[in-house]
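Could you use the hints to bring the two separately framed chains together as a complex?
Top line first, the protein sequences correspond to chains L and B. Here the first sequence is numbered in numbering that gives the first Met the number 0, starting from 0 and rising by one per residue. Here the second sequence is numbered in numbering that gives the first Met the number 0, starting from 0 and rising by one per residue.
Note that these hints are calculated values from the structure, not bench results. Just so you know, not all the hints are guaranteed correct.
Stated by the list, open to error - Coverage of chain B stretches by chain L, computed from C-beta distances (three or more under 8 Å per stretch; other residues unrestricted):
id: 1; segment: 50-59
id: 2; segment: 64-75
id: 3; segment: 85-97
id: 4; segment: 269-276
From the three backbone atoms N, C-alpha and C, an ideal C-beta is built for every residue, glycine too.
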Amino acid sequence: MSTEKPKVAFYWCASCGGCEEAVIDLAEDILKVVEAVDIVFWPVALDFKKKDVEAMKDGSIAVSFINGAVRLSEQEEMVKLLRQKSGLVVAFGSCSHLGGIPGLGNFWNKETIFRRAYLTTPSTDNPDGTVPLEKTEVDGKELTLPRFYDTVYTLDQVIDVDYYLPGCAPPPDLIMNALQAILEGKLPPKGAVLSPNKSLCDDCKRNESKPEKLTIKEIKRPWEVELDPEKCFLAQGVICMGPATRTGCGERCIEANMPCRGCFGPTDQVIDQGAKFLSSLASILDTDDEKEIEKIVDTIVDPAGTFYRFSLPSSIFRRRRMEDIK
Amino acid sequence: MTNNKRITIDPITRLEGHGKIEIFLDDKGDVERAFLQIPELRGFEQFAVGRPAEEMPRITPRICGVCPTAHHMASTKTLDDLFHVEPTPTGRMIRELIYNAFQFEDHTLHFFFLGGPDFVVGPQAPAGDRNILGVIGKVGLEIGGKVIRARREAREIINYLGGKIIHPVCGLPGGVSKALDEEHRVQFLDSAKFIVEFSQFALQIFDDIVLKNKEYVDIVVGDAYQIKTYYMGLVDEKNKVNFYDGDIRVVEPEGKEFAKFKARDYLDHISEHVEPWTYVKFPFLKNIGWKGFVEGKDSGVYRVAPLARLNASDGMATPLAQEHYEKMYEVLGEKPSHHTLAFHWARLIEALQASESMVQLLENKDILDPNIRNIPTETPTEGVGVVEAPRGTLFHHYKTDEKGIITEANLIVATVNNAAAINMSIEKAAKALIKGGKVTEGLLNMTEMAFRAYDPCHACGTHALPGDMPLVIKIYDKDRELVKQLKK
Numbered sequence: 000m001s002t003e004k005p006k007v008a009f010y011w012c013a014s015c016g017g018c019e020e021a022v023i024d025l026a027e028d029i030l031k032v033v034e035a036v037d038i039v040f041w042p043v044a045l046d047f048k049k050k051d052v053e054a055m056k057d058g059s060i061a062v063s064f065i066n067g068a069v070r071l072s073e074q075e076e077m078v079k080l081l082r083q084k085s086g087l088v089v090a091f092g093s094c095s096h097l098g099g100i101p102g103l104g105n106f107w108n109k110e111t112i113f114r115r116a117y118l119t120t121p122s123t124d125n126p127d128g129t130v131p132l133e134k135t136e137v138d139g140k141e142l143t144l145p146r147f148y149d150t151v152y153t154l155d156q157v158i159d160v161d162y163y164l165p166g167c168a169p170p171p172d173l174i175m176n177a178l179q180a181i182l183e184g185k186l187p188p189k190g191a192v193l194s195p196n197k198s199l200c201d202d203c204k205r206n207e208s209k210p211e212k213l214t215i216k217e218i219k220r221p222w223e224v225e226l227d228p229e230k231c232f233l234a235q236g237v238i239c240m241g242p243a244t245r246t247g248c249g250e251r252c253i254e255a256n257m258p259c260r261g262c263f264g265p266t267d268q269v270i271d272q273g274a275k276f277l278s279s280l281a282s283i284l285d286t287d288d289e290k291e292i293e294k295i296v297d298t299i300v301d302p303a304g305t306f307y308r309f310s311l312p313s314s315i316f317r318r319r320r321m322e323d324i325k
Numbered sequence: 000m001t002n003n004k005r006i007t008i009d010p011i012t013r014l015e016g017h018g019k020i021e022i023f024l025d026d027k028g029d030v031e032r033a034f035l036q037i038p039e040l041r042g043f044e045q046f047a048v049g050r051p052a053e054e055m056p057r058i059t060p061r062i063c064g065v066c067p068t069a070h071h072m073a074s075t076k077t078l079d080d081l082f083h084v085e086p087t088p089t090g091r092m093i094r095e096l097i098y099n100a101f102q103f104e105d106h107t108l109h110f111f112f113l114g115g116p117d118f119v120v121g122p123q124a125p126a127g128d129r130n131i132l133g134v135i136g137k138v139g140l141e142i143g144g145k146v147i148r149a150r151r152e153a154r155e156i157i158n159y160l161g162g163k164i165i166h167p168v169c170g171l172p173g174g175v176s177k178a179l180d181e182e183h184r185v186q187f188l189d190s191a192k193f194i195v196e197f198s199q200f201a202l203q204i205f206d207d208i209v210l211k212n213k214e215y216v217d218i219v220v221g222d223a224y225q226i227k228t229y230y231m232g233l234v235d236e237k238n239k240v241n242f243y244d245g246d247i248r249v250v251e252p253e254g255k256e257f258a259k260f261k262a263r264d265y266l267d268h269i270s271e272h273v274e275p276w277t278y279v280k281f282p283f284l285k286n287i288g289w290k291g292f293v294e295g296k297d298s299g300v301y302r303v304a305p306l307a308r309l310n311a312s313d314g315m316a317t318p319l320a321q322e323h324y325e326k327m328y329e330v331l332g333e334k335p336s337h338h339t340l341a342f343h344w345a346r347l348i349e350a351l352q353a354s355e356s357m358v359q360l361l362e363n364k365d366i367l368d369p370n371i372r373n374i375p376t377e378t379p380t381e382g383v384g385v386v387e388a389p390r391g392t393l394f395h396h397y398k399t400d401e402k403g404i405i406t407e408a409n410l411i412v413a414t415v416n417n418a419a420a421i422n423m424s425i426e427k428a429a430k431a432l433i434k435g436g437k438v439t440e441g442l443l444n445m446t447e448m449a450f451r452a453y454d455p456c457h458a459c460g461t462h463a464l465p466g467d468m469p470l471v472i473k474i475y476d477k478d479r480e481l482v483k484q485l486k487k
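One chain only, chain B, in its complex shape (with noise of 0.2 Å):
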């Protein structure tokens, strides 16, 4: 166990598909390079050649089952640019009904059956107890059954609505297929004020469990969690954060200002880096330049996803989520802040302003409206569509024929974003715990809790179970002999 030593952790779980983590130490035995590969690619962008556009939105969702919503509404707000034409009044607010709805599920499908039980349950605690039985001991089944009530009520107005709650069909260009009745709207405003007190109570729970614990707080704000990049989000006119719509604006590492930008304008300013390694590519800030896996403000690496959207805007769009963010930023001490584990309490924040949102559009009765669409008059051309999916920034963009026949596709998907930050992340923990050759039974739990902070697509069904992340780490030495194996 001298030099050249490789450690394998496999599979992580996955993005686009299994992820796979090689570690690999220098002659002392410390980490040099940690790489998380993706094995997983389906080329969504070559076969969208040949479809008509309107079928985007009923296509796309396949890129991923957890968050298709996504996925479709980017593709339709893409099909509105594409045909020069705008969703009625009523159109958009049914869309971004299903959008909030979709932000709450899936924020908090993340906080209590994924992610969130590291917290909850405690970091420490039994690995069998890190899932969402573990949290309902912990709070009690009373909270439990509130938490499978929340997401069931939500999910149900997605898949009235939607069609589908595992990829919806309802987006056209210029508005939706369905509408609304007012006895559906009552139903759902009753259970959106349910939400909003959930996603309080949800807080509270943070507030109790994590902010009141020392300990915990410390692992938040500690040193092998924080990695210094650029952040992106999209805003509204007021810099505030929005989720369906709105300008992109990205935040320097110390909190300035470097871009606001128009989704069109999207190709000025992020590229991707291709490495052989992985399947998956690097976004990057295109007037910063790819300058590798590195922090700071000299690099192109930027983050996106909750903790990105919260440190790149003004404030939140709601008055309680609004409370909460200035909260927030009074504890952890600066904005942006960037401590990764901060994103599980952003991502709390987040939840509570899209169920303020769901009130509002359901309060208001233009959402009642039979003008659901405009129906498109002009020849489609190219269209571009952003929407902040739970995991980060969205794009997709079309070109097309005169007849609104996809000729080109490119997609940037929202964890994909993060990509090169997440590589970042494990490496710093991973370097964190790995010396003179000696690997510590925590970097299990590190690992794995800086990855799962950012909620990668997948980051994934593991808690919904008794069990937990499947994570094994094998340690070969120079001749590939396997020597020490680590297991939870």
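Okay, chain L solo, but in the shape it has when bound (with noise of 0.2 Å):
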């Protein structure tokens, strides 16, 4: 035991678990990885307590991959104790890097998701009004709950973040290359996505049969059409988020012959995702006539649904406004 293993962590918050999946998927990668670092928390896979990690140097693990978005209470404490004994931390996969599908629920809060949960869905049968409560007793005996916030944050919105490993879930290839630029210390600027810094539509196969003026009258949505597996989404009239996103995934959802969500967010130069997208679309519709732009506007549905799929408390606008919630 002469040399010392960099010490690794894993954690999740509001998350699926597709992106320990993802680590579980790089298969026979994986063990190569087990070799060269010494995993000192990982609760999906090692036993190892939050106790353990409070008794850890400040700074003694070398990095900390956080998945998942922060919702409740017990998560951001997690992460704040990490940030604290690590030197660094990479946020992984959509929800910890923009907040993810799980950060739709700022359209909503707390309350109007219990109320849905709990008591209005309609196999519910909940006569008292039972909801779940932060300290209850059941005959005598105390049970606690982590709180459940109303806002779903980023990681980056509760502590320092130094890297982000984009995607949902991440793609192994680019989970290895951070690995390895990790371990060989080959780092790239504080901030920095790993995955290559421009969009989607530049790397994607379809790009040659977008016309050399994009430009579109309707908006169709998927299941009203014949999908084309060639032809650029956009030019088939189909919201595709290509050009307000950032490439390294590999196009997946585009060889299914579905169109892309953006689940890598922008690229370096965009503050906004969803501002981005609007943008682009400006940009195609082939109309100056206003009424008309009106008429199709008119026929994008959830624009803020779709625009930031993965990305709403990531954005300028971070969530819905509280007193617009009924």
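Set out below in structure tokens:
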């Protein structure tokens, strides 16, 4: 034990477990990683507890990979602790990077989410109006649950983040590249998103089918039309988030003949993915007539939930105004 | 260490997030109650509102990254119902191919990586050996290679047709987005044939290692792991197990058919109970009622997932799987079987049916037809979609406005159906092993095995690496002072 291996931690917040699957999907490569590092914390896989982390020296974990958005008090406490103990923190996957799908919860708040889940869903049988509580007594036995916040936060809204690994879930090649860069100390500038800084359209096979000057007259929904498996989706009038989305995913959704929904977030030059898409869209509408523009825009259903599908908590709005929620 | 003790097992693993078990002892030091708490909620039913219906198959898989294909398919079927459109025959075949490939690979993951190692390597083996590496050590490297190959090839089918293995995207109302070509049909058929062989071989391993070992069989049929409940599962028109489609059938603890209904009528049969100490709800049979965490015919508690599906059916849909189905009930001696650990066996029999179904689908050249989707023409209204996820019956239910924008969503997620039963199984194992305030070390293994048999989503990545399930039992006295800690 002359040379100490770098210590690595994995943690999950509000997420689906797909990021853990992505790590397990490294298959044979995961064993190489396990050989090169010392995993000191990974609740899904290894038996180390919060108090083990508390006992570590500050900064003694070389890197913590944290997936999931922050929605519960327990998650906030844990990521703050990991920040204190870690040299580097990597936001792993769309949820910690941008808020992800759970970030759509920012259209609502705790009260409306609880009301739906525990009171108004048609299968719920709850005559007493019971809802989960942070503290309950059952026959004199006290049970506790972590606090549920009104707002979903990205990781960097709660702690300082060094790098971002994008994707829902991040693809294996990007995960391996990131691990190698960290192990070899070949680190990009702090704050970097570890995927090429260009738009998905630049790498998309369908780019060639995009006309010189792309113009559209109406928006079609994917269920309404035959989807041409070779033609640019925008050229077919179908919303594809490619122009506002960073590349590096391998265009996996497009390979399955479905348009991009933006899980990689925007490129470095863009602050707000939804606003960027809106400006791309505006530039391809084939009219200058205001009335007609209005008509076309009316055919876009759920612009907020589509343009910010994965990025609402990281957008300049962050959330719907609380006073607007009924 | 006299009275009012609390034992905490944290984190047991996660369903939707982490799980925590709290065990309370009475004055005599015997178990009074056990609680499995799920401290996680994300609110999908609420934030679905306002989304275009066709996006739901791309949103709901994020409920679970381990079984995203189940949510994707339940959601896609809900769209069929909602838009009043049937998938084309080929669209349906492609969906069924993806779904059977998924069922196979997920069940195999569980048996070889997660729950199975308890058996294959042995419940008494050192914890560090009870993982995939230990399995390979016991059954040989060549077999380990086969496990990896079979899963990889099944996952490749989903990746090709679904776009992404973690969160597929191909489902649309009336069919799928991508067709299959001859070159891939031939390649996938080869894979499927190998997968059938592999599934038979997995059952042979179960036979050699578990069934030929009296000690293991005694554990399987022992009292600590037995609870008597209703069982639910999808069946085809001949009451055979079906993962993708069919009617929902419920049988009584004695085996008599209790109900058989269409997905659309689920609200007539299932309700969910809310407890203040966990974020998860507890489904029960509406026509029996919620009587608490109790077993038997008078309690509305039911179980889902592999053994429950076999219990709720009259047999398997494919010939090789049917042979094993008959053998299983012969060995277990009763149908329905209430032995929680037999879920492992049923899981392998289901993996075999899924493999055989893949071959059947790929041998039929109709699967190459380019007509993969019927485009809806009617106004969307309301839809219900049900599939058998690896972990049980999964319900999606959406209502929309005339533009197909979601106005209401209700989800009953597979593992949640088992939530009450999992609580009861844990309590039963705890009661069998904690007496007079004495906690035996075996409690760790037993609780873990009772829990893991259900394969609750994330039952978990634990065996994928050297190491095992993160379990700690802490025993507190009445002043909450830690008096003892067991750890593995």
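Verdict on chain L covering the segment 64-75 of chain B, where coverage means 3 or more residues with a C-beta closer than 8 Å: It holds, with 3 qualifying residues against the three required.
Please verify the coverage claim for the segment 50-59 of chain B: does it have three or more residues whose C-beta sits within 8 Å of some C-beta in chain L? holds (count 6)
Three residues or more, CB to CB closer than 8 Å: is that satisfied between the segment 85-97 of chain B and chain L? violated (count 0)
Do three or more residues from the segment 269-276 of chain B put their C-beta atoms closer than 8 Å to C-beta atoms of chain L? holds (count 8)
In this structure, the one hint that does not hold is number 3.
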